[in-house]
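First to last, the protein sequences are chains A and B.
Going left to right, the first sequence walks through residues 7 to 347 as the working numbering numbers them.
Going left to right, the second sequence walks through residues 3 to 455 as the working numbering numbers them.
Quick list of simulated restraints, FRET-style, between CB atoms:
#1 B/K128 x A/P323: 14 to 24 Å
#2 B/Y7 x A/L287: 34 to 44 Å
#3 A/H48 x B/M425: 25 to 35 Å
#4 A/S119 x B/T417: 15 to 25 Å
#5 B/Y7 x A/P293: 26 to 36 Å
#6 B/T417 x A/T44: 28 to 38 Å
#7 A/P323 x B/G22: 35 to 45 Å
#8 A/K330 x B/E441: 27 to 37 Å
#9 B/D171 x A/W241: 38 to 48 Å
Don't read these hints as lab results, they were simulated from the structure.
Just so it is clear, the structure is predicted and the values come from calculations on it, not from any experiment.
Virtual Cβ for every residue (Gly too), placed ideally from N, Cα, C.
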Amino acid sequence: MNYELIGITVLWTFLYGYLIVASIDFGAGFFSYYTKQTKKDHLIHNIIQRYLSPVWEVTNVFLIFFIIGIVGFFPSTAYYYGSALLVPGSISIILLAIRGSYYAFATYGAKESKLYSFLYGATGLLIPASLSTVLTISEGGYVSTESGRVQLLYGELFGSPYSWGVVILAIVSVLFISASFLTYYASRAKDAQALKLLRKYALIWAFPAISMGVIVFFLLGQRNAMHFENMVDIWWAFGLSFVAFLWATYLIWKGKNYGTAFILVMIQYFTAFFGYGAAHLPYLLYPYLTIYDGFTNETMAISLIAAFIAGLLLLIPSLYLLMKLFLFDADYVEGKKPKAL
Amino acid sequence: MFVEYDPVLYSRILTALTLGFHVIFATLGVGVPLMIAIAEWMGIRRNDPHYTLMARRWARGFVVTVAVGVVTGTAIALQLSLLWPNFMQAAGHTIGLPMFMEAFAFFFEAIFLGIYLYTWDRFKSKLKHFLLIIPIVIGATASAFFITTVNSFMNAPQGFTIVDGILTDVSPLAAMFNPATPTKIAHVIVTCYLTSAFVLGAIAAFNLLKGKTHVYHKKALHLTMVTGVIFAIGTAVIGDLSGKYLHEYQPEKLAAAEWHFETESEAPLILGGILTEDNEVRFALEIPYALSILAGGSTDTVVVGLNDFPEEYLPPLWVHYMFDLMVFIGMYLAAVSTLFVFVNWKKNWNAFNRPLLWSVFAGGPLAMVAIQSGWLFAEVGRQPWILNGVMTVAEGATTSQHVDIMLVLFIILYTILGTTCVMVLRRMFKSNPVEHELEKRGLVHLNSHVSNQ
Ligand code: HDD
Ligand code: HEM
Ligand code: HEM
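Only chain A is shown next, with the shape it has when bound in the complex (with noise of 0.2 Å):
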């Protein structure tokens, strides 16, 4: 393995690690915002505030952990990307920082607000939908370079039914892995009604979400066939995904075995994730830039990935820690322990 290839995968496996706990995050938003709504929150708010409380800082940084990382790795990027994207990046920053901020400021700080808990609920659906254009925008055809200016073209960029497509896959992914992991903290936690809800909404969600993802495959067939031929040789990579996803689907179903459901579809959206991006490669942006283009320099790489390393071996017994505390710690789930600030 080269190193753009090493720098690529550990920048993807963040992006991936930010999927996973960021829809975690963004999904218990909005449903904790569409139970007020309903009137049902009592019966999940407590196992929302619980879980997300201590940790909704770290999600934060995974994705910070990309974007440093791939300018790190990629300078180019910045370049093609930044000059690109000030428009909807900036509406991503907006989005995001209202988000965390009004998010604390709710759970430490103020008493409950309808306002507050209604931006959490719609920047949940929101950033997952703004975010996930930087993908749609990859796949080429959505940016121009005429005269040496990069620039995003609006009307091709929402006018395409591909890109809609991405938008709506993000939002339904985001929901049924919200409610999958949920569920099973809920029945962690031995909470019978928040348990019977949340089932219910993974159940609801997991047949679009699997839709989308293969109505969009077969949409990025008509707008980058390159991709898509790759795609199709890796086949298998989708096929295990869909496995993956029937079985977690019949467990939660069955009503049993919770925890190997939701990393069943942690498995699901990983051979999904990894095959999309390993057949995207080498380009980062059709057809301008590929991995091997303006990589950075070899001792700047080296020490990224050593840096890498070293920081490996300081967060995951770091990470351990916060889990044992709060995710695999029985009384602290289900309430037993004192949670004052």
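Position chain B with the ligands relative to chain A; hints supplied.
Relative to the frame of chain A, chain B with the ligands by itself:
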């Protein structure tokens, strides 16, 4: 508006806005964990629950400011690529490493912050909980360390060679540890501590001024002022070293800060004043020899003047006021904290008199002003370069349309975030005043209500 759209200008304003807003919260984010750690440690050492409660209340406020720090930091991380794509493309080859490590430092800090906040009553041993704040202090200070190496690199770029406009022969470590790094890092970190001590001190002083008499507030004030003295002296010493760095590596910045036109030895330090059309300094206070001493440690140090630099490479001269403001506030903070500690040490004097309390109270906002003016001086003083001597700001900037609209959006965002943050903090502490919490925890009668002597 009839101003021609200029993406460079708007990018500069937007960068300054985001960083200026971020640094308010970042400064507290670096300094407050240390103050919390000191308070919690005192609580254990002296077996005094007041200090433990202090740590706990500070930590509660801290979460709210961290939240804003995190989201504005996320904003600046993205904006660097969005607004300065050419700069990031070039500099990414050299500064990727410290930025990557900064992200690790955040990660580390974020994990332990999550644990720390929710485990106050979970461990039998108090020491165990105290240990959890240590990684937070380390993580916060490390992130300031790494990001400041990036800024140092922008001031004193090294660790690469340029062949046909492309950076080659890169040494990330040499880029990180450039000549600007030692003074810059030390000064930034110690001023973060100083500012946090004063902001917390100002809150204690404010409560005492409002007529609250509980000894809790006095302990808080004393703790913050004792640490304040140490950090204030550290700030002045390192600030002096920063001046010596500038003299050696960025003489035009120092000359601009001091309106120093003629190259000469025994140069005076100029405080305040105004500059006339033909570059004459009026109404200023001159301290003889002081600039030579600041620059080189002796009166016969020759300080290069502005006239010796090509005009197009000079920064705007208003940075002089920024420099003066920072140094003045530095002296003020050192004086106030020293005075407080001295008066308090004198057995029969009352350190909690109103004029002194007001002076301490003013120190909180002033310290924040010093942070802002210090950064304005350091960044604007580097103009027209984004990478000193290598790339100009105009070369680094985006060419996109709509930077102006984004600027308006972000002004609105920061206004809303700032106001809500203040409102939330006020509500949080008003609805749960110290006195109330002391009572709830059964700590009221612990040598409380010591009268004002
Ligand atoms: C509470 C804040 C504060 C206070 C009281 C001071 N400073 Fe400062 N100063 C900063 C906060 C700051 C800063 C915000 O942290 C800066 C901006 C960039 C940097 O490296 O640190 C800075 C920069 C800075 C620089 C420019 C360094 C560069 O551009 O590379 C010099 C020469 C000094 N300071 C000198 C001083 C002196 C002689 C002080 C006298 C006591 C002083 N500062 C007080
Ligand atoms: C956090 C404290 C900081 C503040 C308050 C601050 C403030 C400013 C200001 C006022 C400007 C505009 C200068 C001008 O246009 O005349 C600026 C520019 C800039 N700063 Fe900083 N800065 C800070 C730290 C940093 C750091 C640590 C970095 C590097 C990672 C950085 C990167 C930049 C860049 C890229 C520009 C635009 C180019 C330029 O105008 O020179 N800043 N900053
Ligand atoms: C010298 C000036 C700066 C200091 C002292 C500083 C320090 C901090 C601190 C203390 C936080 C809060 C994080 C926490 O408490 O968990 C923070 C957040 C952040 N800062 Fe800054 N920062 C500075 C400038 C910058 C610049 C120029 C960038 C851009 C590269 C940046 C990027 C970030 C990011 C991405 C975050 C959010 C991290 C997260 O998600 O936890 N900072 N910074």
